[in-house]
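Chain by chain, the residues run as shown.
2 protein chains.
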Amino acid sequence: MTERPESRSRAERKERTRQRLLDVTLHLVTERSLASISLREVARDAGIVPTAFYRHFASMDALGVELVDESMRPLRQMIRDARRGRVTHSDIIAETVEILAKQVREHPDQFSFLTRERFGGVAAVRRAIATELRLFTSDLTVDLARLTAGYDWTTDDLEMAADLMVTAMLNTVMDLLETDGRHPEDAAAILELSERQLRLIALGMGAWRSKP
Amino acid sequence: MTERPESRSRAERKERTRQRLLDVTLHLVTERSLASISLREVARDAGIVPTAFYRHFASMDALGVELVDESMRPLRQMIRDARRGRVTHSDIIAETVEILAKQVREHPDQFSFLTRERFGGVAAVRRAIATELRLFTSDLTVDLARLTAGYDWTTDDLEMAADLMVTAMLNTVMDLLETDGRHPEDAAAILELSERQLRLIALGMGAWRSKP
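So the protein lines, in turn, are chains A and B.
Okay, so the first sequence: first residue is 66 according to the numbering used here, each after it adds one.
Okay, so the second sequence: first residue is 66 according to the numbering used here, each after it adds one.
Because the hints were derived from the structure by calculation, they are not lab data.
The reader is advised that the hints may include incorrect statements.
Since the list gives no way to pick out one identical chain from another, each pair is judged satisfied if it fits inside one copy or across any two copies.
Pairs of lysine to aspartate or glutamate, EDC-like flavour, derived with a Cα cap of 20 angstroms [said to hold, decoys possible]: (1) Lys-167 <-> Asp-251; (2) Lys-276 <-> Glu-260; (3) Lys-276 <-> Glu-171; (4) Lys-167 <-> Asp-156; (5) Lys-276 <-> Glu-257; (6) Lys-79 <-> Asp-240; (7) Lys-79 <-> Asp-217; (8) Lys-167 <-> Asp-221; (9) Lys-79 <-> Glu-135.
Model, not experiment: these values are computed from the prediction.
Chain A on its own, in the form it takes in the complex (with noise of 0.2 angstroms):
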């Protein structure tokens, strides 16, 4: 059974309209907190009625919720893809950096909503961020569980370690997000003082002894 050309382009009408009201709410939250915006004002931005935003999200919360997934899952996509194959400290570091960097520059509007969300006033956005940063902390802990595999580092070291690593890259991202993409010498030396970071944490790995 074939679909009718008119429920596909209703499909695609009604996918339209989903998008424009996280894009609507991605533009509003670059002003204010997301607390502060009403479905009200996203409806009417968007060009619809207040009760058809239901037919899309159950809440202005499950929208804040999409917007932190779909910032984050294609960019811890995208690292674990260049991960894959890379054998040293070195290598995974660059080329972190790299597409963070990247990503940041390409999306800055999303990145500022994650950081300033990170600790706003939406419970669950709040949550769905951590939840996105555990998962990025759990790929680097395998990772590093890879790399120091001759070493006797239990789990939860790897996990501080990983941890260490996670808080370093959003550090980044805010002093990224803070230049403003006006300054590329800054965003290079931001990047530069990054990896050199990243280095240090890595050295500091090699000398670790996990306490049985």
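Fit chain B to the supplied structure of chain A, relying on the hints for placement.
Below, chain B without anything else, positioned relative to chain A:
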């Protein structure tokens, strides 16, 4: 010449009002962003007419900057005092983490103000926080210079390591604030993680060689 009693009590009254303006603002920012709070609201909550505000602060921005100073300067001084005389990385790390934990526990509102306004909407406050953080980093750079006196570390690399340590500590503060004081066992785990991360960085420093 001795001060007359009535002028002393007038100075005291002025100081009390000034402090009330700061307290009222700190209370309002637990719920909302500093940028969204008006001078009029702050004056009303402090029980003064709006024009009287200007006897204490030139603007809401100036009041925000004062809040930053009042929160960050004592902390920096405490950490400076504590470091005096400590000679190993682990002494300094344990002591610093302890002070940080105590300050966050005693002044959670100040710290959530700082972490949220660090990338918030008021440029003067953002700059003041960035400046204070740079001062923290430069204090720590000096300490690290002392500890690494035997090694060929460039100042640039010392700053890089200090910056990473400050980033890690900031993250600790944010994690502590998230536990909300309700789960002391969570706070203990966060502090233990923080100590291990700072120790990992210190180990990395032992293995690092600056490029000449």
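Comparing the hints with the structure gives:
Proximity of Lys-167 to Asp-251 under the C-alpha cut-off of 20 angstroms is restricted to the intra-copy arrangement: shortest distance 15 angstroms within a copy versus 35 angstroms between copies. With identical chains, the CA atoms of Lys-276 and Glu-260 are at most 20 angstroms apart between copies only, with a shortest distance of 14 angstroms across copies and 28 angstroms within one. Taking identical chains as interchangeable, the C-alpha atoms of Lys-276 and Glu-171 are never at most 20 angstroms apart, the minima being 43 angstroms within one chain and 33 angstroms between chains. In this assembly of identical chains, Lys-167 and Asp-156 lie within 20 angstroms of each other by CA distance solely inside one copy; the values are 17 angstroms within and 40 angstroms between copies.
Proximity of Lys-276 and Glu-257 under a CA criterion of 20 angstroms is satisfied inter-copy only: 14 angstroms between copies versus 33 angstroms inside one chain copy. When the C-alpha separation of Lys-79 and Asp-240 is checked against a cutoff of 20 angstroms, the pair qualifies neither within a copy, at 37 angstroms, nor between copies, at 39 angstroms. In the homo-oligomer, the alpha carbons of Lys-79 and Asp-217 never lie at most 20 angstroms apart, since the shortest distance is 54 angstroms inside one protomer and 62 angstroms across protomers. For the identical chains of this complex, Lys-167 and Asp-221 are neighbours neither inside a copy (31 angstroms) nor across copies (25 angstroms), given an alpha-carbon limit of 20 angstroms.
In this assembly of identical chains, Lys-79 and Glu-135 lie within 20 angstroms of each other by CA distance solely inside one copy; the values are 18 angstroms within and 52 angstroms between copies.
Hint compliance for this structure: hints 3, 6, 7 and 8 are broken, all remaining hints hold.
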